[in-house]
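Protein chains: 2
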Amino acid sequence: MSVTVVGSIAFDAVKTPFGARERMLGGAAVHFALAASFFDEVRVVGPVGDDFGEPELAVLRARVVQTDDIEHVAGGRTFFWRGEYGWDLNDRETLDTQLNVFADFAPKLSPASRDCDILFLANIQPDLQRQVRAQCERARFVALDSMNLWIEIARDSLMSAIAEVDCLMLNDAELRQLTEEPNLVRAARRIREWGPRVVVAKQGEYGAAMITEDGFFALPAYPLETVIDPTGAGDSFAGGFVGFLAAHPDEPLDHELLCRAMAYGTALASYNVEEFGTERVARLRPDEIAGRVAELARITSFVTKPVALRR
Amino acid sequence: MSVTVVGSIAFDAVKTPFGARERMLGGAAVHFALAASFFDEVRVVGPVGDDFGEPELAVLRARVVQTDDIEHVAGGRTFFWRGEYGWDLNDRETLDTQLNVFADFAPKLSPASRDCDILFLANIQPDLQRQVRAQCERARFVALDSMNLWIEIARDSLMSAIAEVDCLMLNDAELRQLTEEPNLVRAARRIREWGPRVVVAKQGEYGAAMITEDGFFALPAYPLETVIDPTGAGDSFAGGFVGFLAAHPDEPLDHELLCRAMAYGTALASYNVEEFGTERVARLRPDEIAGRVAELARITSFVTKPVALRR
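If you read the protein sequences in the order shown, they are chains R and B. Counting from 1, position 72 in the first sequence corresponds to residue 72 in our numbering; the numbering is continuous, with no gaps. Counting from 1, position 179 in the second sequence corresponds to residue 179 in our numbering; the numbering is continuous, with no gaps.
These are calculated hints, taken from the structure and not from any lab test. Be aware that a few hints might be false.
The list treats identical chains as interchangeable, and a pair is accepted whether it falls inside one copy or across any two copies.
[Unchecked claim] Derived SDA-like pairs (lysine to any residue); straight-line CA-CA distance at most 25 Å:
| # | residue 1 | residue 2 |
| --- | --- | --- |
| 1 | K305 | E256 |
| 2 | K108 | D51 |
| 3 | K108 | R133 |
| 4 | K15 | E84 |
| 5 | K305 | E251 |
| 6 | K15 | Q131 |
| 7 | K305 | E213 |
| 8 | K305 | A290 |
| 9 | K305 | T212 |
| 10 | K305 | R140 |
| 11 | K305 | G215 |
| 12 | K15 | D214 |
| 13 | K15 | V64 |
| 14 | K108 | E71 |
| 15 | K305 | R285 |
| 16 | K108 | E164 |
| 17 | K305 | E295 |
| 18 | K305 | F216 |
| 19 | K15 | R280 |
| 20 | K15 | A173 |
| 21 | K15 | F105 |
| 22 | K305 | A294 |
| 23 | K15 | G53 |
These numbers come from a predicted model, not from an experiment.
Please work from the sequences and hints to get the whole structure.
And the structure:
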C-alpha cells in the first residue's frame, strides 16, 4: 500500500509575531508527506528548481518519503511564497507568490505513484488534479484540497475535479464560497450530491468537522499555549488523516475509521504549528502522536448519565 | 436548592435572513432562566416597564420560573434591543438599544433570591454584578458574563467583579480583548490567576471550550441544518450549563461534572437558535434535551485503538 500526493513543493518566507524565517522548506505536498509518512509509504509528485537540493530532499528522506517523482526543472526556480501573520494568527497576508517552475507544471507520475492505494490532490490547478486523478485508477480513496483562487477563476474545472473524488477537504470560508451556503451541514449535503462521500471542514484554531452519510463528527484543535507558525497546518492535518486511512488497508473506509483519522489529522496539525515550517514534524516521534491522540479523546469526552429534568 | 439570575429582561426586534420579529420576549436573564428551568428552580432578578405584562410573564411561569423578583418600574418602559444578522449569522449589527428601566436599575433581591445555591450574573454593569454577588453569600457557584462595552468603559470594575466569581463565561473575542492575549489557553490561564477557577469560551457556531485546573475541554456546537435566530444562544448555553450544576447539589463541582454541564449548555443553545427568541425553548421537552446530549457524545467520540506507526 502507498500514498501519493501531488502538490506544491516550496520555499516559504514567513513572519509571525513570534519570529521569522526568510527561506524554509514548505509547500502543501511537503507538509502532507511528512505527516503521512508516519503511517505509510508516501510518494511526492511536484516540480522543483535548481535552488532545491540535497538539504531539502534530506528532510523528506529522513522520514522515508519517496522523492523519485519530484521533478527537477533545469534552469528553473522553486515555487516561493511569502506571508505574514497578525497578532491572532488567523489573519494571514500573502505578500508574494512566485509560481516559478509551478507555472508550467504537468504532473508526471511513475508507475509506482500511479499504483497508489490512496491519493491526495493538494491545492493545485483543478485540471491538473483531474489529470492526476485519472492516472491513479486503482486508488481506493482520493481526497482533494483547493483554495479561493480556483473557486473564483476555475469554478467549472474545480467542480469537475470534485465530482471525481471521495473526499473534499476545504476550510470553512472556502466551503461557504464554493457552495454559497453559510450553513456547514447544508453545504456538506450539497457537496455530497456532487460526488464526494466525505466532506471535511478545516476550521483553524477551532479544529475540524466532517460529514459523511453516517452523519457529523467534530474535534477541536489540540489546545496549545504556543503556536508559532500555522503555515502548513491544513496539509499536515490532511497528511495525518489520509495517512491513517492508508495504514488500514484491510478495514472499510467507514465513518468510524474516518473519525479516528480525524484525530490523527488533528494531532499532526498540532505539532506542525508548534514551530516554523516543517521543523517540528521533521523530528516528531510516533509515541508523541499516540499521546496527543489519547489526550484528544480525553478532552472531548464527557460522562453520559441520565439526569432528572423538570417538565 | 435554587438558581438566581440577574440580568436583562427585554423586548427584542430581530431580523435574520430567515425572517423577522418586531417585538418579542428576550433578554439575557429570560433566555438563561428558560434554559436553566429544566434543571432546578430559577429566580429572575431584573426590571421591566409598563409594557411588560401577563403574556410575557406567562412564558416564564409556564416553565415554573419564579418571577417575584422581576421589578415593575411604574411609568417605565422595558429594555429594548434591535439587531440584524447577516448572511452567515456571525455578523450581527445592533441597530438600536434603549436602556429604559435598565438605566437606573439597582438590583433588589428577595431573601429567597439571596439564598440561592447557584448565581448567574448575566451581562450587566459590573458594579451591579458585584452588588448582587455580595448579597448571595451562600452561593456555592457564581458565574459571570460580560461584554465588550464593559471591557472598554469599566475595565477596573469588571476586573473586581471577575475576581469574586467561580466562573467567567465570555465569547472568544471578549476573552481576547479582556486579556490582550490571542491564545485561548494563555488567556484562560491569566484569568484563572485573577480568581475564577473555571473559564468558558463561547465560540458561536464552533461550540464552546472550557479550562479548569484539570485542563481543557471542548465541544462543537450541535450541528443544525436550520439556524433561524442566534439571539440568546450564549445565555441559553449558560442556562443549561449552570442549571445542570444546580441539579447536582450533592456532587463536587469538579472537572468531570463541569464537562457534563458543557454538553447540556450546548444542547440548550442548539434549541434556542432553531427559532426566533424564546419560541423553541419555551416548548422544549426534557426528553429532547437528553436526546441531543446523547447525540453530542456520539458525534465527538472516536475509537482509540493502538496504531502501528512508522519511525
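If any of the earlier hints don't hold here, list their numbers in rising order. Violated: hints 6, 12, 13, 21.
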